[in-house]
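Residue numbers (my numbering), protein chains in the order written: chain Z, 1 to 520; chain B, 1 to 363.
Please keep in mind that the hints were generated in silico from the structure rather than gathered at the bench.
In this text, a Cβ means the ideal position worked out from N, Cα and C, and glycines have one as well.
Warning: the hint list may mix true and false statements.
[Claimed, not checked] With a straight-line cut-off of 25 Å between C-alpha atoms, the simulated PhoX-like cross-links for lysine-lysine are:
no.: 1; chain 1: Z; residue 1: LYS345; chain 2: Z; residue 2: LYS331
no.: 2; chain 1: Z; residue 1: LYS5; chain 2: Z; residue 2: LYS93
no.: 3; chain 1: Z; residue 1: LYS379; chain 2: B; residue 2: LYS87
no.: 4; chain 1: Z; residue 1: LYS148; chain 2: Z; residue 2: LYS122
no.: 5; chain 1: Z; residue 1: LYS139; chain 2: Z; residue 2: LYS273
no.: 6; chain 1: Z; residue 1: LYS381; chain 2: B; residue 2: LYS225
no.: 7; chain 1: B; residue 1: LYS145; chain 2: B; residue 2: LYS87
no.: 8; chain 1: Z; residue 1: LYS122; chain 2: Z; residue 2: LYS93
no.: 9; chain 1: Z; residue 1: LYS388; chain 2: B; residue 2: LYS225
no.: 10; chain 1: Z; residue 1: LYS113; chain 2: Z; residue 2: LYS135
no.: 11; chain 1: Z; residue 1: LYS333; chain 2: B; residue 2: LYS246
no.: 12; chain 1: Z; residue 1: LYS148; chain 2: Z; residue 2: LYS129
no.: 13; chain 1: B; residue 1: LYS225; chain 2: Z; residue 2: LYS345
no.: 14; chain 1: Z; residue 1: LYS70; chain 2: Z; residue 2: LYS118
no.: 15; chain 1: B; residue 1: LYS145; chain 2: Z; residue 2: LYS345
no.: 16; chain 1: Z; residue 1: LYS345; chain 2: Z; residue 2: LYS379
no.: 17; chain 1: B; residue 1: LYS246; chain 2: B; residue 2: LYS225
no.: 18; chain 1: Z; residue 1: LYS227; chain 2: Z; residue 2: LYS503
no.: 19; chain 1: Z; residue 1: LYS381; chain 2: B; residue 2: LYS87
no.: 20; chain 1: B; residue 1: LYS225; chain 2: Z; residue 2: LYS395
no.: 21; chain 1: Z; residue 1: LYS379; chain 2: B; residue 2: LYS225
no.: 22; chain 1: B; residue 1: LYS246; chain 2: Z; residue 2: LYS381
no.: 23; chain 1: Z; residue 1: LYS388; chain 2: B; residue 2: LYS87
no.: 24; chain 1: Z; residue 1: LYS217; chain 2: B; residue 2: LYS11
no.: 25; chain 1: B; residue 1: LYS246; chain 2: Z; residue 2: LYS379
[As the list claims (entries may be wrong)] From chain Z, some residues computed to sit far from chain B (all C-beta separations above 12 Å):
no.: 26; residue: GLY34
no.: 27; residue: HIS68
no.: 28; residue: GLY131
no.: 29; residue: ASP236
no.: 30; residue: PRO255
no.: 31; residue: PRO328
no.: 32; residue: ASP502
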Amino acid sequence: MEAVKNAVRMENITKRFGTKVVANNAVNLELHEGEILSLLGENGSGKTTLMNMLSGIYHPDEGQIYIHDKPVTISSPKDAFDNGIGMIHQHFKLVDVFTATENIILGLNEDGKLDLKKASQKVRDICNKYGFDIKPDQKIYDMSVSQKQTVEIVKVLYRGADILILDEPTAVLTPQETDKLFQIMRNMQKDGKSLIIITHKLHEVLEVSDRVAILRKGEYVGDVVTKNADQQSLTDMMVGRRVSLNIDRPAPVNPQPRLTVEHLTVYDDLGVKRLSDVSFTANSGEILGIAGVAGSGQRELLEAIAGLYPVAEGAINFYDPNVDYSDPANKPKSLVGMDPMSIRKAGVAMSFVPEDRLGMGLVGTMGMTGNMMLRSWRKGKGLFVSRKEPEALAKRIWEELEVVTPSTSFPVRRMSGGNVQKVLVGREIAQEPAVLMTAYAVRGLDINTSYTIYNLLSEQKMKGRAVIYVGEDLDVLLELCDRILVLCGGQVSGVVDARTTDKRQVGVLMTRVGGGEADE
Amino acid sequence: MNKKSLFYLAKRDALPWHKTWLIRGVAIVLALIFCSLITMLLTGLNPVQVFSTIFYGAFGTARKTWVTAQNLAILLGISLAITPAFKMRFWNIGAEGQVLIGCLACAACMITLEGKVSSGLMVVISLAASLLAGAVWGFLPAFFKANWETNETLFTLMMNYIATQLAAYFIIVWEVPKGSGKIGIINQSSEAGWLPVIGGQKYLLLILVVAVLTGLMFIYLQYSKHGYEIAVVGESHRTASYAGIKVNRVIIRTMVLSGAICGLVGFLLVSGTEHTLTTTLVGGRGFTAVMVSWLAKFNPIGMIFTSLLLVFLQRGATEISSVFGLNHSFADILTGIILFFIIGSDFFTNYEIHYQRSGKEGK
Chain Z
1 MEAVKNAVRM
11 ENITKRFGTK
21 VVANNAVNLE
31 LHEGEILSLL
41 GENGSGKTTL
51 MNMLSGIYHP
61 DEGQIYIHDK
71 PVTISSPKDA
81 FDNGIGMIHQ
91 HFKLVDVFTA
101 TENIILGLNE
111 DGKLDLKKAS
121 QKVRDICNKY
131 GFDIKPDQKI
141 YDMSVSQKQT
151 VEIVKVLYRG
161 ADILILDEPT
171 AVLTPQETDK
181 LFQIMRNMQK
191 DGKSLIIITH
201 KLHEVLEVSD
211 RVAILRKGEY
221 VGDVVTKNAD
231 QQSLTDMMVG
241 RRVSLNIDRP
251 APVNPQPRLT
261 VEHLTVYDDL
271 GVKRLSDVSF
281 TANSGEILGI
291 AGVAGSGQRE
301 LLEAIAGLYP
311 VAEGAINFYD
321 PNVDYSDPAN
331 KPKSLVGMDP
341 MSIRKAGVAM
351 SFVPEDRLGM
361 GLVGTMGMTG
371 NMMLRSWRKG
381 KGLFVSRKEP
391 EALAKRIWEE
401 LEVVTPSTSF
411 PVRRMSGGNV
421 QKVLVGREIA
431 QEPAVLMTAY
441 AVRGLDINTS
451 YTIYNLLSEQ
461 KMKGRAVIYV
471 GEDLDVLLEL
481 CDRILVLCGG
491 QVSGVVDART
501 TDKRQVGVLM
511 TRVGGGEADE
Chain B
1 MNKKSLFYLA
11 KRDALPWHKT
21 WLIRGVAIVL
31 ALIFCSLITM
41 LLTGLNPVQV
51 FSTIFYGAFG
61 TARKTWVTAQ
71 NLAILLGISL
81 AITPAFKMRF
91 WNIGAEGQVL
101 IGCLACAACM
111 ITLEGKVSSG
121 LMVVISLAAS
131 LLAGAVWGFL
141 PAFFKANWET
151 NETLFTLMMN
161 YIATQLAAYF
171 IIVWEVPKGS
181 GKIGIINQSS
191 EAGWLPVIGG
201 QKYLLLILVV
211 AVLTGLMFIY
221 LQYSKHGYEI
231 AVVGESHRTA
241 SYAGIKVNRV
251 IIRTMVLSGA
261 ICGLVGFLLV
271 SGTEHTLTTT
281 LVGGRGFTAV
291 MVSWLAKFNP
301 IGMIFTSLLL
311 VFLQRGATEI
321 SSVFGLNHSF
331 ADILTGIILF
341 FIIGSDFFTN
351 YEIHYQRSGK
361 EGK
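Using the sequences and the accompanying hints, generate a full structural model.
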């Protein structure tokens with residue numbers, strides 16, 4: 001067999017942001033021709049930065065890039081295209097009111113008259129060749145997330161890219177759509193394209209790639225041939241030491257209803273229905289997972305319960321753990337129509353870890369103490385706030401959850417993502433809630449902190465609290481939760497037992513109910 | 001082959017306050033050196049002489065010092081007024097109008113109630129009227145912002161023009177003598193409605209009022225529940241709602257407070273200092289106050305120093321233009337240079353400059 005040829009070789013690439021942040025430090029990376037390479041690393045390990053230097057968004061401070069063994073300077077996305085490099089970003093860059101074809105040819109400065117028909121035909125040819133299912137004349141706003149992603153891929157193929165970089169392409173896809181994407185990636189590989197997939201999901205790495213390159217804290221750790229690797233060995237390389245990947249899931253003890261939601265329907269500002277006839281019960285001593293494609297109504301559901309989203313129809317009832325509901329005289333508290341303050345004043349012990357940590361759960365410019373006060377600022381005497389209790393609580397969380405911060409007054413905005421989340425989760429748990437709601441509690445966190453959070457949630461469950469866990473990683477949902485409620489297009493498409501179900505079944509439910517953004 | 005620049009910039013972590021002030025101090029010294037050079041080149045005068053005249057203009061005599069203190073009090077008062085709104089990230093640039101409408105309310109009471117009530121009662125009524133007028137001028141933009149998301153910057157700016165036109169109208173209504181287009185000194189003989197003189201010093205009471213206000217505002221922002229609410233709302237409306245803060249109520253309440261304090265300053269200006277009403281009574285200080293507040297990072301105690309600096313420069317500038325027969329523009333040039341350096345120094349408090357050695361060879 002002839003020696004491998006490199007499609008891309010990056011040599012001693014260093015990229016700094018400011019003085020303190022070294023996003024990439026002397027990284028060497030090779031992409032062989034015709035292979036699928038996984039670029040694996042935790043959040044913040046510099047994967048995207050490295051790839052952005054290939055696609056011309058950043059320019060390396062030091063180092064040299066070779067494309068097909070020729071040294072090149074890539075100082076703009078156009079240079080990247082000229083070198084046959086195309087990147088599919090995590091956040092799509094498409095014009096919603098244009099058709100697929102219009103988006104694809106947008107910015108292409110071809111000579112002569114604009115010939116949309118010819119362009120459409122070329123798009124169709126590319127689709128047929130690799131098995132994409134998009135219609136060239138369909139508008140972007142009519143497309144599902146997966147179709148939009150397809151348009152992005154076709155866009156770079158149309159421009160003649162033979163090196164494709166996909167940045168976390170599966171983050172927004174259902175398991176079925178992921179399978180389809182992987183099939184397409186293999187088709188492209190057969191056609192001689194070289195592909196890099198950026199990801200932090202291990203099973204995907206194992207499934208699709210030929211080789212894995214691993215980054216840790218901006219440094220290149222090494223590469224392994226995929227068939228010689230397994231989840232544990234990859235994790236250890238990624239984290240730098242041995243990590244236990246087990247989530248403890250004790251059986252629920254004496255589950256009692258804590259929160260019931262019945263026929264909940266909400267509309268957004270524009271009058272679009274976001275939740276439709278949603279009903280479920282959250283029990284004490286149980287973690288109820290909520291799964292669904294991004295934007296299926298998870299945020300609206302939690303915010304409606306927390307009193308932050310207007311409820312159009314339906315009932316939300318809270319059952320106080322200290323009240324005996326076998327006595328028919330005791331009725332649960334209805335939360336519909338209440339705002340967060342009145343909910344708290346009514347004595348409803350409910351905590352909420354929102355998705356947008358610094359934009360909703362915390363005040364970025366304040367320190368830990370100031371942020372503890374978000375829950376207790378009204379308690380001070382008269383006109384003044386009391387800092388003593390929040391300060392004590394901040395100190396406790398600082399110690400117990402090992403938050404890395406110089407002081408309790410250090411702005412939380414400048415802490416790392418994991419520490420920010422510890423502050424938020426720590427505060428919410430300290431409220432001793434009967435119901436604890438969390439939205440994407442581990443998004444963007446390193447593996448260690450993620451497992452800290454999983455354990456904290458299991459602990460809460462064992463204390464008899466009702467935990468609601470909105471998550472995106474199906475593997476975690478299946479391992480952590482007791483039951484999983486699946487949302488699709490604002491409707492409940494099923495509630496399954498997490499111990500007996502599997503990813504396929506949940507995946508099917510995620511796209512089952514028609515409408516919304518799901519596939520037809 | 002990679003382009004390598006000689007230096008690059010990096011955002012600093014927050015500096016301790018004394019370092020910030022050190023950088024500012026250096027900036028002022030540099031500004032003074034630069035001003036000296038400009039002075040020598042343009043006028044041929046001895047810069048030391050010019051600077052001592054600036055100082056003399058501000059603090060040369062007891063009278064000058066009192067006037068400086070009065071100017072300081074007014075500017076500081078307006079700066080204190082806008083600070084809660086700015087901390088809430090409500091860009092109120094309507095202090096000019098809010099103060100002027102306070103002036104107008106005060107003057108209206110003094111003119112229409114003359115001879116009808118005692119001077120003491122008149123002071124109380126005009127104070128109440130000024131507070132109310134300022135509060136209304138603060139309430140309107142906040143109400144529209146809270147309910148319909150209007151742009152507060154444009155709204156408050158336009159409210160300035162309304163205030164100016166109203167003042168212009170009433171100046172004609174009340175002009176003395178008829179046809180002069182001016183009001184002149186109100187109640188000159190009776191001194192009815194004039195702020196009482198204490199300790200034999202005309203401006204002492206006014207200065208004390210602002211001093212107390214400074215302390216109160218510091219405590220309000222730092223330790224009160226309202227202050228906490230303002231800080232959270234300023235950071236994120238969503239976080240505020242999440243914490244159970246009623247965002248709209250806080251916006252309106254804070255702007256009413258902000259406007260009312262502006263109204264108070266308007267009252268102090270008319271009843272305590274000027275005893276007349278002109279459309280230029282506030283003289284742009286509603287805008288200068290924005291700079292005072294920003295430079296002090298919304299800290300009321302720091303604002304004492306920033307407003308002092310600006311007032312000192314203005315007073316001194318006026319002095320040199322008369323003593324040396326220089327055009328007033330020259331004074332403006334010097335003020336401009338000094339402000340440029342001070343505001344420019346903010347860059348160095350926020351960023352560090354790192355020089356790169358031309359170390360490793362590219363490939």
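Results of checking the hints against the structure:
no.	hint	in the structure
1	Z:LYS345 <-> Z:LYS331	holds (17 Å)
2	Z:LYS5 <-> Z:LYS93	violated (32 Å)
3	Z:LYS379 <-> B:LYS87	holds (23 Å)
4	Z:LYS148 <-> Z:LYS122	holds (18 Å)
5	Z:LYS139 <-> Z:LYS273	holds (21 Å)
6	Z:LYS381 <-> B:LYS225	holds (9 Å)
7	B:LYS145 <-> B:LYS87	holds (16 Å)
8	Z:LYS122 <-> Z:LYS93	holds (21 Å)
9	Z:LYS388 <-> B:LYS225	holds (14 Å)
10	Z:LYS113 <-> Z:LYS135	holds (23 Å)
11	Z:LYS333 <-> B:LYS246	holds (22 Å)
12	Z:LYS148 <-> Z:LYS129	holds (18 Å)
13	B:LYS225 <-> Z:LYS345	holds (17 Å)
14	Z:LYS70 <-> Z:LYS118	violated (33 Å)
15	B:LYS145 <-> Z:LYS345	violated (28 Å)
16	Z:LYS345 <-> Z:LYS379	holds (11 Å)
17	B:LYS246 <-> B:LYS225	holds (13 Å)
18	Z:LYS227 <-> Z:LYS503	holds (23 Å)
19	Z:LYS381 <-> B:LYS87	holds (23 Å)
20	B:LYS225 <-> Z:LYS395	holds (22 Å)
21	Z:LYS379 <-> B:LYS225	holds (9 Å)
22	B:LYS246 <-> Z:LYS381	holds (19 Å)
23	Z:LYS388 <-> B:LYS87	holds (24 Å)
24	Z:LYS217 <-> B:LYS11	holds (21 Å)
25	B:LYS246 <-> Z:LYS379	holds (16 Å)
26	GLY34	holds (27 Å)
27	HIS68	holds (18 Å)
28	GLY131	holds (40 Å)
29	ASP236	holds (33 Å)
30	PRO255	holds (28 Å)
31	PRO328	holds (32 Å)
32	ASP502	holds (36 Å)
The earlier numbered hints that this structure contradicts are 2, 14, 15.
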